[in-house]
Each structure stands twice: as C-alpha cells, then as structure tokens.
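Chemist: Each chain, letter by letter, is given below.
Number of protein chains: 2
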Amino acid sequence: MSKNRLIYLPLGGAGEIGMNAYVYGYGLPGKERLILVDMGVTFPDMDTTPGVDLIMPDLAWLEARLDRLEAIFITHAHGDHIGAVGHLWPKLKKQIYARRFTATIGRLKFEEYGLPTEAITTVEARPHVVEAGPFKVQFIPVSHSIPESAALVIDTPAGRIFHSGDFKLDATPVVGEGWDDARIRQIVAERPVKALMCDSTNVFSLHAGRSESSIKGALADLIRGAGGMVVATTFASNVARLKTLAEAGIAAERSVCLLGRAMKRMVAAAETSGVLSDFPRTITPEEALEIPRRNLMLIVTGSQGERRAASAQLSRGKYLGLEMKEGDMFLFSSKTIPGNERDVGRIMNAYSEMGVDVQDEGGGKYHVSGHANRPDLEHVHRLLLPDMVIPMHGEHRHLREHARIATEAGIASEVASNGMMIDLSGDTPEVAEYIETGRTYLDGSVLIGSMDGVVRDRIRMALNGYVLVTVILDDTDVALGDPWVEVSGLPKAGKAGRLLADTLEADLAEFLDGAGVKLLRDDGKLEEALRRVVRQVSMEEIGKKPEVTVVISRLVAE
Amino acid sequence: MSKNRLIYLPLGGAGEIGMNAYVYGYGLPGKERLILVDMGVTFPDMDTTPGVDLIMPDLAWLEARLDRLEAIFITHAHGDHIGAVGHLWPKLKKQIYARRFTATIGRLKFEEYGLPTEAITTVEARPHVVEAGPFKVQFIPVSHSIPESAALVIDTPAGRIFHSGDFKLDATPVVGEGWDDARIRQIVAERPVKALMCDSTNVFSLHAGRSESSIKGALADLIRGAGGMVVATTFASNVARLKTLAEAGIAAERSVCLLGRAMKRMVAAAETSGVLSDFPRTITPEEALEIPRRNLMLIVTGSQGERRAASAQLSRGKYLGLEMKEGDMFLFSSKTIPGNERDVGRIMNAYSEMGVDVQDEGGGKYHVSGHANRPDLEHVHRLLLPDMVIPMHGEHRHLREHARIATEAGIASEVASNGMMIDLSGDTPEVAEYIETGRTYLDGSVLIGSMDGVVRDRIRMALNGYVLVTVILDDTDVALGDPWVEVSGLPKAGKAGRLLADTLEADLAEFLDGAGVKLLRDDGKLEEALRRVVRQVSMEEIGKKPEVTVVISRLVAE
Numbered sequence: 001m002s003k004n005r006l007i008y009l010p011l012g013g014a015g016e017i018g019m020n021a022y023v024y025g026y027g028l029p030g031k032e033r034l035i036l037v038d039m040g041v042t043f044p045d046m047d048t049t050p051g052v053d054l055i056m057p058d059l060a061w062l063e064a065r066l067d068r069l070e071a072i073f074i075t076h077a078h079g080d081h082i083g084a085v086g087h088l089w090p091k092l093k094k095q096i097y098a099r100r101f102t103a104t105i106g107r108l109k110f111e112e113y114g115l116p117t118e119a120i121t122t123v124e125a126r127p128h129v130v131e132a133g134p135f136k137v138q139f140i141p142v143s144h145s146i147p148e149s150a151a152l153v154i155d156t157p158a159g160r161i162f163h164s165g166d167f168k169l170d171a172t173p174v175v176g177e178g179w180d181d182a183r184i185r186q187i188v189a190e191r192p193v194k195a196l197m198c199d200s201t202n203v204f205s206l207h208a209g210r211s212e213s214s215i216k217g218a219l220a221d222l223i224r225g226a227g228g229m230v231v232a233t234t235f236a237s238n239v240a241r242l243k244t245l246a247e248a249g250i251a252a253e254r255s256v257c258l259l260g261r262a263m264k265r266m267v268a269a270a271e272t273s274g275v276l277s278d279f280p281r282t283i284t285p286e287e288a289l290e291i292p293r294r295n296l297m298l299i300v301t302g303s304q305g306e307r308r309a310a311s312a313q314l315s316r317g318k319y320l321g322l323e324m325k326e327g328d329m330f331l332f333s334s335k336t337i338p339g340n341e342r343d344v345g346r347i348m349n350a351y352s353e354m355g356v357d358v359q360d361e362g363g364g365k366y367h368v369s370g371h372a373n374r375p376d377l378e379h380v381h382r383l384l385l386p387d388m389v390i391p392m393h394g395e396h397r398h399l400r401e402h403a404r405i406a407t408e409a410g411i412a413s414e415v416a417s418n419g420m421m422i423d424l425s426g427d428t429p430e431v432a433e434y435i436e437t438g439r440t441y442l443d444g445s446v447l448i449g450s451m452d453g454v455v456r457d458r459i460r461m462a463l464n465g466y467v468l469v470t471v472i473l474d475d476t477d478v479a480l481g482d483p484w485v486e487v488s489g490l491p492k493a494g495k496a497g498r499l500l501a502d503t504l505e506a507d508l509a510e511f512l513d514g515a516g517v518k519l520l521r522d523d524g525k526l527e528e529a530l531r532r533v534v535r536q537v538s539m540e541e542i543g544k545k546p547e548v549t550v551v552i553s554r555l556v557a558e
Numbered sequence: 001m002s003k004n005r006l007i008y009l010p011l012g013g014a015g016e017i018g019m020n021a022y023v024y025g026y027g028l029p030g031k032e033r034l035i036l037v038d039m040g041v042t043f044p045d046m047d048t049t050p051g052v053d054l055i056m057p058d059l060a061w062l063e064a065r066l067d068r069l070e071a072i073f074i075t076h077a078h079g080d081h082i083g084a085v086g087h088l089w090p091k092l093k094k095q096i097y098a099r100r101f102t103a104t105i106g107r108l109k110f111e112e113y114g115l116p117t118e119a120i121t122t123v124e125a126r127p128h129v130v131e132a133g134p135f136k137v138q139f140i141p142v143s144h145s146i147p148e149s150a151a152l153v154i155d156t157p158a159g160r161i162f163h164s165g166d167f168k169l170d171a172t173p174v175v176g177e178g179w180d181d182a183r184i185r186q187i188v189a190e191r192p193v194k195a196l197m198c199d200s201t202n203v204f205s206l207h208a209g210r211s212e213s214s215i216k217g218a219l220a221d222l223i224r225g226a227g228g229m230v231v232a233t234t235f236a237s238n239v240a241r242l243k244t245l246a247e248a249g250i251a252a253e254r255s256v257c258l259l260g261r262a263m264k265r266m267v268a269a270a271e272t273s274g275v276l277s278d279f280p281r282t283i284t285p286e287e288a289l290e291i292p293r294r295n296l297m298l299i300v301t302g303s304q305g306e307r308r309a310a311s312a313q314l315s316r317g318k319y320l321g322l323e324m325k326e327g328d329m330f331l332f333s334s335k336t337i338p339g340n341e342r343d344v345g346r347i348m349n350a351y352s353e354m355g356v357d358v359q360d361e362g363g364g365k366y367h368v369s370g371h372a373n374r375p376d377l378e379h380v381h382r383l384l385l386p387d388m389v390i391p392m393h394g395e396h397r398h399l400r401e402h403a404r405i406a407t408e409a410g411i412a413s414e415v416a417s418n419g420m421m422i423d424l425s426g427d428t429p430e431v432a433e434y435i436e437t438g439r440t441y442l443d444g445s446v447l448i449g450s451m452d453g454v455v456r457d458r459i460r461m462a463l464n465g466y467v468l469v470t471v472i473l474d475d476t477d478v479a480l481g482d483p484w485v486e487v488s489g490l491p492k493a494g495k496a497g498r499l500l501a502d503t504l505e506a507d508l509a510e511f512l513d514g515a516g517v518k519l520l521r522d523d524g525k526l527e528e529a530l531r532r533v534v535r536q537v538s539m540e541e542i543g544k545k546p547e548v549t550v551v552i553s554r555l556v557a558e
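Chains A and B, in that order, give the protein sequences. By the count of the numbering used here, the first sequence reaches residue 558 at its end, each step adding exactly one. By the count of the numbering used here, the second sequence reaches residue 558 at its end, each step adding exactly one.
Same shape as in the complex, but just chain A (with noise of 0.2 Å):
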C-alpha cells in the first residue's frame, strides 16, 4: 500500500550557482501536490552559451504536472531567483507569492512583459501563513544582501521544512531586518524541523562573516580622504550598500548622483515598498554636470563589468556628460563574480589610462558577502537542529563540502544536484528518482532549450569560420559555371599567398569535372563529397577545418 510522501525537486540552482528552482511535494507517489519556490536565471557566457540573453531553468517536469502545482514562492528579488519569472510564468500561470519589496520588483518585470500583476501576491512575514494545499508557508525575515529576503518554513502532514533561501549572520545590515537567533529558535520550539534546505555559496569561506555595518567606517574615510570625484559601484540590489555609500558621499560634503538604470529602479523599489525611508538626496546627472568634482560623488551599476552599464559607458569616455579624469577615484564596493574577472579587468586598466585611482574592495575593507560563511552555516545546523540538511545554492563541489560538515556534526544530509527527487519522508534522505532536467535560454525573443544545437553550431562557427559553398546543376546534371565559395571568418589567403576561396573554388571545380554521374545525381552524396573537399583542401591551406554549407541549384528544363 502507498502512503504519502514528501519530496523535494531542485529543478537548477543545485550543481551551479545561479537559476534556483526548487519543488516541493507532499502526496501520494506520483500523485504529489506540488509547490515551486523561485524562479530564477543565470547569465550567459561567451565560452558556453554565445549570443544567448538569459538561461533559465526547463520546467518541463513541473508543465506536465501543471494540474498538481498549487503555487509558486519567491524568496526574494535576486536575478537568480526571481529573473525568469517574465518568460516562464506563462507556463505555469500559477498565483506567486512573495514579500513586499520582492513582489514589487516582480510586478515591474511583469509590466514589462505584460503579464498581469495582480497574479503576485504581496505577504507578510511570519506569523503569516500561506496556505497551498497541505502546504502552509511562512516568510522568514533574513539578512542578505537585498532588502526582504526569506527563508520559508514550510509546514506539511509529514514535517516542518527550512528552506533557508540566501542569508547570511547579520545583526545590523544597515537596511531591513537582521539576522535574528531568537526567532529561529522559536521557530524550532512551536514544531522541530525536519529537513534544512540550505544555502552553500560561501561553505569554503572558513572564517565568520561580517556585517554589512561593518565595512561603513573604512567607506567613509576612503571618501572623505579622496581629491577629485568618486565614482562607486556595487550591485544595483545591495540597498544598504547604496546608502551606507552615499550617506558616506553626504558627510565628506559630497553631492551623491546614482547612475544606471537598475540601481534608480532598486532604490525606488526599496521606498515604495517601505524597507527605505531615508536615504539621502540625491542629484541628476545635469545637476551633477554643475558640481565640482571635488564634491561630487557618482554610484553607478556595472560592478561585473558589464558593457553597457555605467560603470563600462565612463570607462570609455563621456556618458550622460559626466567624465572621469586624473585624480578622479573609482571604488569596487563589490567582488567580481568567479568568470568576469577579464571584464572587470579591462574596465580596471581603462581607468588606469585615464589616470583615476582604481580601488578594489581591498580584501574585504570596502565589500561583505552577503552569503553565510562555513561557520555561520554550522551555527544555523545548531539552531535548527533538523533531521536532516539538504544543501542547495552551490556548485557541486559546495553543495558535497556542506553535505560533509552536516555529516560530521551528525546530521543527516545527501547531495542532492539537480533532477534529483529526494524523498524527505523517513529519517533520513533517499534519492526517490532522477528526473530529466536541463536549461531553456532566452534567444533574442525565442526560447530554446540548451540541447537544441544552435548554440553549439554557433560555437563552431566562431572555433572553425564558415564557408558556403554553392554549385548550380542543369537538367542533364551539368555543372553551370564554377562553384562559387564564401567564407567567413578565415584568413583570406591560405599558405601559397593565393586567395582561399580561389584555391577552393578550382579544387571544387575540378573535383566536379571528375565527378560521376550517379554521384553528380545524388544531393546529399554531392554535399558531402564537397564538403569534404573543403574540408580537406582548407585543411591544408590554413590549418583549420571549417564548418561548411553546401547549396545545390538544379535546373529544369522549361
């Protein structure tokens, strides 16, 4: 006889740093009710996914089980987590519930691809309750670093769940709720926790976190102590930052401007939902225009480098009027995140040409991670005191070093990757099933999945060049006039300093001068007898094999 169950389905975000989705279900086998909780994106690269906009969990798992899908939770308002919700809520049309500030910046994404907003609940945190079927969830205020964030507590037939969301120990973040031991507790006295899904991100970092209040003496005096302009970045999310930064810029009487479009959007979201109420005046970029350099302070999107944010757009000269110069500084308040040290560097050196003062975040004086670090991890095991610890939030590595410290204080725990159905009902994780799972990219306005092929004929092109081939057969399979080449991305002459695409449209002549009847009647014989020859011939020439198309044009007699 079966007897209900509780499973949990990491969908992304378990094996990789980025997309999170997470199913929960509780029922019978097969027959589960099921809860999704965030829906995020991770960012494209040139090396994996060329030309790609965002990549995004396949859902296909959860659309065919749409019927059993109550509702979808979202702990808070990072890209990893909330990010898809514009593309892939039309798959799923599932009511979202999320707290305040994370409902806010979900509604505006929904404007912008418009969806309607009222399918975004706004909740309160705990003692709020959620009900979604034999789901009762509630939002936990934790620290991070965006205003709002959640851990959920979520309450079924078969135990009570942690599922930690982001957060890190932090008692006074400048912005929002802190970190509160009390309130877990409490947590953990009105019912014990089962299961602890938990974020891994920082599990090599072996020294206790700080404080995001932590960092404001150092900001301040690296301000005040500076000649020309400031120009500061950080995450356009990372609100506490944003104020502890200019409220640092306002007392070395400094006029603060923000520049970039996110960081406006983030500020205006934290004062509309209530989590902000007072940061300080800041200016327009044509009032900046008007300042001194000396008492004026820019922050300004683009930490990672990215190339059309603020941070890029000064680094190559004037942006909105403003310019940096000589003596000028231009502050990291951020780390660059593992894959994007060749673009922060580029915008590093760009400065240094211009001669303004680059500092980095000087090995923490000047940035706080926002995620726990091991020790903190092993001190939220201790509050919570759960059955068992299902580490999420991390590549593989992470999530099996959490898994290991869980194991040694004599937890439970299992690394569980994506597409790993773990069943929570026992005393301790048992891997119920493998579901097939993969990615889903945003190209231009198409989604496509990851194993599609184009992006792998894209990456091919940029390893290998490309060459066309086009031949012209008549009616009695005739070659009309030579076959015409072109290439792309090739050098253009090979090694006897003759053109490669002449070289190739004589060899593909004579090869066809030689050619068989049958084979001359055959398309796809031809193609590929011709595309070996270009392969061959290129090969030779330059050293290279080229991805090759060939188009064959037969003629009909009229």
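Check before you lean on any hint, since a few could be wrong.
For identical chains, the list gives no copy identity; a pair is met inside one copy or between any two copies.
[Said to hold, decoys possible] Lysine-lysine pairs mimicking DSS-like chemistry, simulated, CA-CA at most 27 Å apart:
1) 495 x 94
2) 264 x 318
3) 545 x 492
4) 495 x 91
Keep in mind the hints are simulated off the structure, nothing from the lab.
For chain A, the structure is supplied; the task is to place chain B on it using the hints.
Modeler: For chain B alone, coordinates are given in the frame of chain A:
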C-alpha cells in the same frame, strides 16, 4: 646636431601580462642599433579571440629595421617569453641567446618547426658577456617559478640597464640558484644602474613573497594524510614544485607518475641541461596501473583547466587506463590565472561528482607565486638605486601602481605601454615616439593580424547566428524559383511556430516579385536589399539580426 641616444620600446608585455617583447636601441635617432628581449605568446580566449591558437606581438616595426637588429635575448622559458620563437623567428633570423635550460626548450621548439637549432646560442651567466653591436649583455641568475630565469644587465655607452625579467626574492628556491642580494650589490658597485625595467605582476600583493621551499612541509603533510590515490597539478614548467611534490609522494610511500607531455618535457629538459639531478624515480602509466591506489601519486598537467590536459581528461573518465575514484584526492598546487576560473571550476565539480576530495591552493598553503610582491619590488629598487624605473610585465594598472611607488621613493618613472618609445638618455625617461603596435594571431597554420576582421566575423556569427541566401536570376533578371535560405546557429522556429527558413524564403520571394528591374540588375544593391529583408524579418520572428550572406547567380543565355 643629433646625438646618440638610448631607447626602450616595448612591443608586447607592457599593458598586459603576456607576449613579452622589448626592444632596446642605441645610436643616432632613427639609426639605433637594436636588440630584442623575449618573444612571448598570450593565450586566446573565447570572448575576444575564438578559434585562435596563439597570440603574438606584431613585430612589423622590427621587421622593417632588420638591418639594425643585432640579436635576440630570451630571459627564461615561460611561454609568455619564449613561446613565439617557432613562429616569429623566421621573420627576424637573428641569433638567439639564452641560458642552458631556456636554450634547450627553445631548440625543442625550433625542431618542432624545422628551424635551425644552431641559431640558438647557449650563454653562461655573468661574468660571461655577449656583445651585440653597442650592447654588452650579461645574464644574471634570478629566482622564479622555472629553472634558470635571468635578469639581463645591458651595458651601453649611455649607461647600464637592469632588465629584471620575471623574478622573485627567493634564497631557497628548491631547484637552481636563489636570489642573492650580494650579487646585485656587486653589479651596482661595478657600474651604477641607469634604468631598471622591472616585473610588475605582483605589485598589488602587499605582503613580502614567500620561498618555494616554505610550502614543502604543508605539501608533505597533506599527501601523507591522504587515503586513496593522490593527483596533483601545477604549472608544467615549475620544476621545483614538481620535485617537491614528487619527494612528498615518495616520503608518503607512493610511487610517482608524471602525466602530460609538457611536464615530462620540462623535467627532461631540466635534467639534460643540468639544473636538475636528483628528481625522484618515476614510473610509467602502465606501471601505475599495477600499484595500489594508496601507494600511488600522479603529477599531471592542466592546472588551468585546459581541456586537453591530463587533469581535464581524468575529470571526464579514464586516461591512459588510470581513473579517479571516490576517496582519492586532487590537489591544485597552483593559482588560477584570472579568466580561467570557469574552466578550473568545471574540473573541480566533475571531481566532486566522482567523490574525489578537491584541494585548492589553500590560500597560499600549497602554492607560492613566482613574482616579486610590492615589498620585494621596493627592496629591489633600493638595492639597484637606478636613476629611473620603467615598469614592465603588467596590465596598465600594474604599471601605473609600480611607477607610483617608484616615484614616491624619489626615483624617476614613466608608465610605458606597448608602442611607447622611451628615450633613456637623460636623467629622466622621456617619451620619444608612439609606434603602431598590434597582435599577430596564429590561426590554424596561418599568421593573421588582429585587425584583419577574421576574428570579428567569427564573434559576430557566434553572437548573431548566420543566414545564407541564394538567388538565381535568368538572363532577363527573372528569379528562377524561390530564394533558398539556410540558417546556422539560429532558432529553427520563429514566433508563430513556423520555420524561420520558410518564413524568410516566402518573404524574400515576395520581395523579389515586387522588385523593380533597376534593383534586380544591380548585384550590389540587390544583395543589400535582400540582406535588409532577412535582418528585418529575423528581428520580428526571433528578435535577432543575424549575419547574412547573399549569393546571386546569374544565368547567361547560351
């Protein structure tokens, strides 16, 4: 009346870390006799140089002045100093001078490319002097992360230059000669140093550098404590580290096997050139298969996550019959060069999935840098007491910072990036001229210029996808059949679910139907018009504007 002058001209390596190539000249302006120091490469990346095999300095300036070039000096055998000799030497054909180990590596490259190995002369260290026109050059042993790295003392009638090469202050470097203050003091006592050209790589590292021998104990402890097989990677050329690792393996009762061509080649070259005499006995991969994991240690190539190196091969499964298993350890005794984080992370996660314990450099516990840190640089400035310091071997921000600390210490300095010719004749460095410099790409078997547009076309195809249109017109300018469209690297279906190629063909056919004779007769205008149609329709259908090639074939009446 014009006077002899002493000039310095970086053609590569100043304003970047990579492809070092520095020119010195002495004589009447425009008639200076020249020497070249180093001929290095830079490694390509997918972001900026997809499909490129190697990046090298453009030596056009030197090629135009071959009659004035006396000789080439190579400071050490790292790729960014010697890597281009096989490709660029045929353009210069001047004698190369290097110390024994470096010359051995250089000759291996020459053999690979069928070049005359006698063009490389082995030089003893100071007091031996190489005379090259007005230059008298001595090789000064310095410690670095490769055997026999050398600084150059370059004597000219206008003064003595100290060209640091890559170096660190390491009195106990495990293999080869240590750094020796007395040796430097003697050089200064013999003749004062006019200009110091100085490595800037680690100018942002604020603590004093640590010796290669300082990590011996930690490495030995780590390897002794490991349960299963131990696999360690480091830079293939760091022979000292290979020795430390191998000795730690032997001490832990493990047989040691080197995997990876580059690594075996480096050890062999170190042995034949006499810098390494006591490397522990190693076993072959075949022998390794017979040895219990607990008694086996592999030292492998691929510390930067290179896809074809041994570390990556092992992360994908069996390699030469050897395989990693749960409980094994993989050690990165190396730092990740900025830009390689994703590739290294991919390997770490692959090992994590196998249950292998991955150990990174542990914040310096298992790796030390080969370059002088800021306090070390300041020490060298004080030792050499030069009239001027010209920072080299660094991105612009490194050069600028290095110039700043020199200036603050009262030494004249100038940030000289690639193409800036500096006149060193006076008391302070003066910019004499700006030379056009650039990069040469090895692409397959061909050398192309970075501005040839080849790589730009590849990047565009990778970002935007590619559409090919063929149209056949008869001798009355009437289209024979519909246009034929092939798409590459683009979503198959557009917004209404219809195939993009079908939509494009239909819209192009419609356009041709309505086109006037004047347009149909003009190949150039017709191509442009059809290209525009493709880009517009694609934008509507898939939100992207692809690269487009249009081939118009005209049939001539027979």
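Chemist: Taking 27 Å as the upper bound on the Cα-Cα distance, should residue 264 and residue 318 be classified as within, between, both, or neither?
Modeler: within (20 Å within a copy, 52 Å between copies)
Chemist: Give the relationship of residue 495 and residue 94 under a CA distance limit of 27 Å: within one copy only, between copies only, both, or neither.
Modeler: So residue 495 and residue 94 pass the 27 Å test across copies only (24 Å; inside, 62 Å).
Chemist: Between residue 545 and residue 492, at a C-alpha cutoff of 27 Å, which is it: within one copy, between copies, both, or neither?
Modeler: For residue 545 and residue 492, both the intra-copy (14 Å) and inter-copy (25 Å) Cα distances are at most 27 Å.
Chemist: For residue 495 and residue 91, with the copy left unspecified, which applies at a CA distance of at most 27 Å: within, between, both, or neither?
Modeler: between (54 Å within a copy, 16 Å between copies)
Taken one by one, the earlier hints all hold for this structure without exception.
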